[in-house]
Amino acid sequence: MTALGDILHLLFTANLWQATLAAAVLLLLPALGGTISERTGVVNIAMEGMMLTGAFFGVVADLAWHNVWLATGVAMLAGGLMASVHAIVSIQFRADQIVSGIAINIFAAGLTVFLVNRIYGLQDVGHVGQSELLPNIDVPVLDQLPFFGKVLFQQNIIVYVALILLVATQIVLFRTKLGLRMRAVGEHPMAADTAGINVFLIRYSAVITSGLLSGLSGAFLAIGVSNTFVPNMTDGRGYIALAAMIFGKWTPMGAFIACLIFGLGEAIYANNSIIHVSQYLLSMLPYLITLIVLAGVVGRSTPPAHDGLPYIPGAE
Amino acid sequence: MTDSATNAVEMRQIVKQFPGVRANDQVDFSVRAGEIHALVGENGAGKSTLMNILYGLLRPDSGEILINGKAVHMAGPRDAIALGIGMVHQHFMLIPVFSVGENIMLGREPVSGAVFYDRGQARTSISELTKRYGLALNPDARMGDLPVGLQQRAEIVKVLYRGANILILDEPTGVLTPQESHELFGVLRDLVKGGKTIIFISHKLKEVLEISDRITVMRRGKVVGHLTTKDTNEEEIATLMVGREVLLRVDKKPATPGLVAMKVENLTANSDQGVPALKGVSFELRAGEILGIAGVEGNGQSELMEVLAGTRKASGGHVELGGRDITTMDARTERDAGVAFIPEDRRGAGLVLAFSIAENSILGRERTSTFSWRSIVLKLVAIRDWARRLVRDYDVRTPSIDVAARNLSGGNQQKVIVAREMEGRPKVLLAAQPTRGVDIGAIEFIHRQIVKERDGGAAVLLVSAELDEVRSLSDRIAVMYEGKIVSIESPDTPEERLGLLMTGGGARAGAA
Numbered sequence: 001m002t003a004l005g006d007i008l009h010l011l012f013t014a015n016l017w018q019a020t021l022a023a024a025v026l027l028l029l030p031a032l033g034g035t036i037s038e039r040t041g042v043v044n045i046a047m048e049g050m051m052l053t054g055a056f057f058g059v060v061a062d063l064a065w066h067n068v069w070l071a072t073g074v075a076m077l078a079g080g081l082m083a084s085v086h087a088i089v090s091i092q093f094r095a096d097q098i099v100s101g102i103a104i105n106i107f108a109a110g111l112t113v114f115l116v117n118r119i120y121g122l123q124d125v126g127h128v129g130q131s132e133l134l135p136n137i138d139v140p141v142l143d144q145l146p147f148f149g150k151v152l153f154q155q156n157i158i159v160y161v162a163l164i165l166l167v168a169t170q171i172v173l174f175r176t177k178l179g180l181r182m183r184a185v186g187e188h189p190m191a192a193d194t195a196g197i198n199v200f201l202i203r204y205s206a207v208i209t210s211g212l213l214s215g216l217s218g219a220f221l222a223i224g225v226s227n228t229f230v231p232n233m234t235d236g237r238g239y240i241a242l243a244a245m246i247f248g249k250w251t252p253m254g255a256f257i258a259c260l261i262f263g264l265g266e267a268i269y270a271n272n273s274i275i276h277v278s279q280y281l282l283s284m285l286p287y288l289i290t291l292i293v294l295a296g297v298v299g300r301s302t303p304p305a306h307d308g309l310p311y312i313p314g315a316e
Numbered sequence: 317m318t319d320s321a322t323n324a325v326e327m328r329q330i331v332k333q334f335p336g337v338r339a340n341d342q343v344d345f346s347v348r349a350g351e352i353h354a355l356v357g358e359n360g361a362g363k364s365t366l367m368n369i370l371y372g373l374l375r376p377d378s379g380e381i382l383i384n385g386k387a388v389h390m391a392g393p394r395d396a397i398a399l400g401i402g403m404v405h406q407h408f409m410l411i412p413v414f415s416v417g418e419n420i421m422l423g424r425e426p427v428s429g430a431v432f433y434d435r436g437q438a439r440t441s442i443s444e445l446t447k448r449y450g451l452a453l454n455p456d457a458r459m460g461d462l463p464v465g466l467q468q469r470a471e472i473v474k475v476l477y478r479g480a481n482i483l484i485l486d487e488p489t490g491v492l493t494p495q496e497s498h499e500l501f502g503v504l505r506d507l508v509k510g511g512k513t514i515i516f517i518s519h520k521l522k523e524v525l526e527i528s529d530r531i532t533v534m535r536r537g538k539v540v541g542h543l544t545t546k547d548t549n550e551e552e553i554a555t556l557m558v559g560r561e562v563l564l565r566v567d568k569k570p571a572t573p574g575l576v577a578m579k580v581e582n583l584t585a586n587s588d589q590g591v592p593a594l595k596g597v598s599f600e601l602r603a604g605e606i607l608g609i610a611g612v613e614g615n616g617q618s619e620l621m622e623v624l625a626g627t628r629k630a631s632g633g634h635v636e637l638g639g640r641d642i643t644t645m646d647a648r649t650e651r652d653a654g655v656a657f658i659p660e661d662r663r664g665a666g667l668v669l670a671f672s673i674a675e676n677s678i679l680g681r682e683r684t685s686t687f688s689w690r691s692i693v694l695k696l697v698a699i700r701d702w703a704r705r706l707v708r709d710y711d712v713r714t715p716s717i718d719v720a721a722r723n724l725s726g727g728n729q730q731k732v733i734v735a736r737e738m739e740g741r742p743k744v745l746l747a748a749q750p751t752r753g754v755d756i757g758a759i760e761f762i763h764r765q766i767v768k769e770r771d772g773g774a775a776v777l778l779v780s781a782e783l784d785e786v787r788s789l790s791d792r793i794a795v796m797y798e799g800k801i802v803s804i805e806s807p808d809t810p811e812e813r814l815g816l817l818m819t820g821g822g823a824r825a826g827a828a
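Chain order of the listed sequences is A and B.
Position 75 of the first sequence, counting from 1, maps to 75 under my numbering, and the rest follow consecutively.
Position 294 of the second sequence, counting from 1, maps to 610 under my numbering, and the rest follow consecutively.
One should not assume that every hint holds.
Stated by the list, open to error - Here are some, though not all, of the chain A residues that point toward chain B, as calculated from beta-carbon distances under 8 Å:
id, residue
1, A14
2, K177
3, A192
4, G308
5, P310
6, P313
Note that these hints are calculated values from the structure, not bench results.
These figures come from a predicted structure and were not determined experimentally.
Where is the CB? At the ideal position from N, CA and C, for every residue including glycine.
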């Protein structure tokens, strides 16, 4: 009874929701990337690896050049480069996209650990100085709103960027010419090709975009939320983003809702010191909710018809 | 053909080599402006390759293409579209989850504010087009919800929207009912009157003769004949297509029906969607006869065959095989009792595509002592001997019995199934769409085998969407409509009457 009361009490604190949104954004960026990639028909389970690579190179660049913006750019670039490997392998060489994705995730985990040892020896990677972190920005006036001020307008800059990207992705996918073409490529690439649309260009761009977004999330994690690189610090977030994408039925808004649920779980877990429940039980919470929701409430989630299938022109 | 100025399309000496096969071998092909030109040939003759080259989907290894007298090079469909070429593919290039409007606009979308898809303007453009050509369509309907006839109409409107003057239609009637085909021909004639040029790909010779002005025949990658429609006939075209004389009519003696082999009483069953598909079907099938079931697809024929074969549960009624109730038997027990089944979905239900011909040839028979030791270890030598004999006797064209079924042509896949099913010496043969998508040569062969089976004393139940096939093979014709047999007719019943019965009319007139 007291545990339930504790959680209820926690749910009414602005701190919790502020943390929820930040945690959700870490997942949202790769989830948006995955949605973009899979809408054009390329399965991307390599967000984890792209994020991790982004996190590592972001820290390296920040430590080297002491410029957080440059570092963020490098992180995105690193994610984008990993994504282009996935794109070449799965679009050009028509390899199995799941296998390629797994390979990239394993490669990224190994590469970053190897480079940590290589560059920094066995000691600590080192900490990024306070002035070289992605800044928190309080929106003037609005941040004074009761409750919502803290939740929505006292956040890291990346949170604002992610929310803008969320709306933009939703609009691009479902309201624009480009989005219509992207979805057409994912549903029926030959129909798109015969309508004069460049299937390969769209797929490459989408996959690389997913890498850039995952890299950005990696930067947020390493030089925003924390201030250093720890091997395997993404801790499965790329995979959770993948689940959020499916949970959200391959729509940006749906994925965002899923990310909020996961984010809430993470935020509650982070506050476990004030709840009298085993922290291990608490850490299960969001995933338990997801399983229940996926099993019954959301209903069947249908991926784009040609998700995961390479396109061979002229082959019917 | 020296005045290429009047030719809308002229393809000269086109060569296209695929691994292991020369799909187009120095092909010359020309189409005059304003004509309906039929391109005919068996599967694999190179028709689709040639048209994919003309539409820019494939690039030829050599040869040249002239459109309206001018030499052109196409890097992709975009170039072909710009030249006024449009193609309606055999497998529709439509996106089921998109609206009709979005499908038609795709690739040439109207926009507002530079980037936003303009639904309102799309609607206006489509209603203009549909009015001009008399092709009614609702732009807001979901494409996947439309019947195939309307989907095809959307494909045609899509091509017209792109301003095409040369329309390529690849096997456009393959999926249509006779009524829909008839409508399509009306549309095509109107389009030609409006100044369009049409290339019509088909292997249905009757249609070709009905609709075209001139005909080009291809065989094994080469052009083997240029014909003028009014000076030719089915036999001549068929001979050119196959490379030997083909018997288009089924040659059979009158049936000598024996005892009742299968008796179906008041049979009911549901479709996959759970709605009643069979609403009380009764008939008797005798040894030594072919009972054909005519009907527009989707009136319960598929479900009937599946229930009889034991792959679908009946919800009521009885099926007797030689006096024994087999209503609730599963497919294996029925097979053992002497029922053979040629399913309509040969790639899904008839074969395991990844298996070799040898493996496919014993499916359903793998537990017998001929092919396995105590139903555990396969006797590979016996299986290979058996498969080799089947391939020889049933004329399956394949380099070896180890080839995966996936790599055979449709006709040869079907021959493997026919061989397997008929070699069991069945008492009852259930043949669903036995020649769908199969070449003329193979059709002739399969028809002969079915008749041979009948003459050997088997009872044959035939379902086919091709009315001609039902009429030429059957000894009696049962017409199915909305899950019931509405009438049993003799095979020389006029096509018009059968057509009427198939669409729910005429039953009362017939009874009166």
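Restraint satisfaction for P310 (chain A) [CB to CB of chain B, less than 8 Å] | violated (16 Å)
Restraint check, 8 Å cut-off on beta carbons, for P313 (chain A) near chain B = holds (6 Å)
May I ask you to test the interface hint for A14 (chain A) with respect to chain B, counting a Cβ-Cβ separation under 8 Å as satisfied?
-> violated (37 Å)
Taking the least C-beta to C-beta distance, is G308 (chain A) closer than 8 Å to chain B?
-> violated (17 Å)
Was the hint right that K177 (chain A) lines chain B, CB cutoff 8 Å?
-> At 5 Å from the nearest chain B Cβ, K177 (chain A) passes the 8 Å test, so the hint holds.
Double-check A192 (chain A) for me: the hint is only fine if its C-beta lies closer than 8 Å to a C-beta in chain B.
-> holds (7 Å)
In this structure, the earlier hints numbered 1, 4, 5 are contradicted, and the remaining ones agree with it.
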